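Residues per chain, in single letters:
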Amino acid sequence: MQTVAPATPKSWYLPTKPHKFCPGCGHGIVLKALGDVIDELEIQDRTIFGCDIGCSLLSWDFFACDSTQTHHGRTTPVMVGIKRARPELITIGYMGDGGGYSIGSQHLLNAAVRNEKVTLILVNNTNYGMTGGQMAPTTLPGQKTETTPFGRDPELTGYPTKGPEFIAQLTPDSAYVARATVSKYNQLRRFIRNALRNQIEGNGFSFVEVLSTCPTNWRTNAQQTWHFLEDEMEHYFPVGELKNPFGKGGK
Amino acid sequence: MQQVITESKKAFMTGNETAAWAALASGADVMFGYPITPQNEIMHYWTRLAPQYGRGFLQTEDEISAGFTVCGAVQSGKKAFTATAGPGNVLMQEPFGMAEGMRLPLLAIIQQRGGPSSGTVIYSQQEVALTTFGGNGEGWRIVYSTATHQEIYDYVIKGFNTAWKYRFPTFILGDGYQAKMREPLEMYDPETRGIKMVDTYPLIGLDGSITNAEREPQHLCNIYSLEEELYDVVLKNTAEYESISPEIVEYEERQCEDAEIIILSHGVVARAADDAVKALRAQGIKAGYFRPITLRPYPEKQLRAAIARSGAKKLLIAESAYGQFYRLTRQEIYGETIPMETLFMPGVGIIDYDIISKVKSIL
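These protein sequences, in sequence, are chains A and B. When the first sequence is numbered by the working numbering, its final residue is 251 and no position is left out of the sequence of numbers. When the second sequence is numbered by the working numbering, its final residue is 363 and no position is left out of the sequence of numbers.
Chain A on its own, in the form it takes in the complex (with noise of 0.2 angstroms):
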């Protein structure tokens, strides 16, 4: 029998697929498009990989390109480092919504006020995937997770963090700030690659923020999954570009 195996990107290392990820999971569709912009992009061999603590950390090992582990929240300063001591290596940060918008949160402020010129991807799946599906700070008002087991109330734990609302408010004209969707490839990759672009080209801090799924923790079936992601999440968080060096470009 013939099988039809989907393209894969060139820079992912092969020994480490299938992937360990959830099915339903959508880290492997925003790895797919970083390993397509990888790929096009011709960076693989300057490309360094760092991951966060979290389901981001499955993917330490998902690229054929240098990466290395940290701890909870800190990725952002492990990738500053690299980047100021090798300027000439691409620093792609990989973390989750509690990673960057929590325990890690006055890193990533602090690295866009700098306008530090690291590439960071942040996976929002509105919940702490790996420690059991518990409330995050994406968590949508009246959203239940294992902490906020009748649904988030604002009134005692706040309302969701937009971050890249609030970083493209932190830095200059000079940053790619974004926000994608699983459920939008073409766009995702798209953003991916200006956010990689204006790391290459020196510009500055590059931020995409990817609204993804968690059927897992969200106890969604396929068409639930889909429906939290596109109609709920997708009209509290807009997606699209918030800042961008490179003006309208394309579509």
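No lab work stands behind these hints: they were computed from the structure. Every value quoted in this text rests on a predicted model; they were computed, and no experiment measured them. In this text, a Cβ means the ideal position worked out from N, Cα and C, and glycines have one as well. Hints may contain errors.
Claimed, not checked - Derived coverage of chain B by chain A (criterion: at least 3 residues anywhere in the stretch with Cβ under 8 angstroms from a Cβ of chain A; other residues may be distant):
id	region
1	43–56
2	84–98
3	204–211
4	217–225
What the hints assert, rightly or not - Just some of the chain B residues that point at chain A, by a computed CB distance under 7 angstroms:
id	residue
5	61
6	65
7	69
8	72
9	73
10	75
11	177
12	238
13	330
14	334
Unchecked claim - Some chain A residues judged to face chain B by a derived CB distance under 10 angstroms, without partners named:
id	residue
15	6
16	10
17	45
18	66
19	73
20	85
21	220
Start from chain A and add chain B according to the hints.
What follows is chain B alone, placed relative to chain A:
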């Protein structure tokens, strides 16, 4: 790299300035730091000197970030360092733990201040426990406790080499007195003293193309899926730490051969102990002096030997903390039956008079 000091020269400066010059002379590429007293002037001198020699600096958002940026920079093959104190040392335990776990050649200069908590900004020896065994690991650290500015200069140079040769995080443990006071020292280029600076090398961002199959990608790991995987790593690193310890251990011993009492101290307090021993000897009291220079690894065998050789009746442990050095010593020389007397003056200075009085009260 541009030579910083061409000819050896006498200097009269603070310990913090000394540390900055020593880092320059060591060929350090970049410092990451965050303000905290009493180490600030290390950054102040570095930020003025570094640009003249093409070296880098970043003031990070906090000590956590300073430690992790150093971890990143050394992974990429650059000689990077930081400096901190007190609550900053507490925050840096997280990146220091990463450096232990991933065997990163991180160098940190610690200028101890009073504790607990914000304590004082002045002086103490209360960061011994934190610097030797802080973090959620097994204490794979090399800690040099300096006593003079000359030693700050010498051991910053040596510390970089230790870190890059053995790849265990290395600490220069000073204190607020050493940081702020001025005293004479001699500055020199390490190579002119026959000290070869250990070459740095990258762990990621290596030469050679992955796409052309010239090399495999480097995937550095610090978290393990299985208990047994971590167990093997911990046993391997522990064995390596223990095997190199005899090469690293340093200590000073004076007049212990016939001593009735051995005064044990470290860091700047050892200077008071040295004066006290001289004064006591002049008064006919047979006192001896023993000082670990490395607190990790500890000169345990040497101290046991000094005790055995002297036949001393007592050991007096003097420190500007309430027993941190005492507890470290006690665990290292477990089984020795010599009575241990203590002079604990947490967060305040100890002078020869304090030690002399204590010795006279217990002999």
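Is the interface hint satisfied for residue 177/B? The criterion is a beta-carbon contact with chain A at less than 7 angstroms. 31 angstroms, violated
Against chain A, run the beta carbon of residue 61/B and see if the smallest gap drops under 7 angstroms. Constraint on residue 61/B satisfied, holds at 4 angstroms.
Residue 6/A as an interface hint toward chain B, with CB separation required under 10 angstroms: 21 angstroms, violated
Taking the least C-beta to C-beta distance, is residue 10/A closer than 10 angstroms to chain B? Because about 7 angstroms separates residue 10/A from the closest Cβ in chain B, which is inside the 10 angstroms limit, the hint holds.
Coverage criterion applied to the region 43–56 of chain B (partner chain A; beta-carbon cut 8 angstroms; 3 residues): Not satisfied, violated; 1 residues make the cut.
How about the region 84–98 of chain B: do at least three of its residues have a C-beta closer than 8 angstroms to a C-beta of chain A? holds (count 4)
Is the shortest C-beta separation between residue 238/B and chain A less than 7 angstroms? Not OK, violated: residue 238/B not within 7 angstroms of chain A, min 21 angstroms.
For the hint on residue 73/B, does the least C-beta distance to chain A fall short of 7 angstroms? Check passed: Cβ of residue 73/B comes within 4 angstroms of chain A, closer than 7 angstroms.
For the hint on residue 66/A, does the least C-beta distance to chain B fall short of 10 angstroms? This hint holds: residue 66/A lies near chain B, its Cβ roughly 4 angstroms from the closest one there, short of 10 angstroms.
Hint check: is the beta carbon of residue 85/A less than 10 angstroms from a beta carbon of chain B? 4 angstroms, holds
Interface hint status, residue 330/B versus chain A (Cβ within 7 angstroms): 32 angstroms, violated
Next item in the hint list is residue 220/A. Is there a CB on chain B closer than 10 angstroms to its CB? 27 angstroms, violated
Hints 1, 11, 12, 13, 14, 15 and 21 from the earlier list are contradicted by this structure; the remaining hints agree with it.
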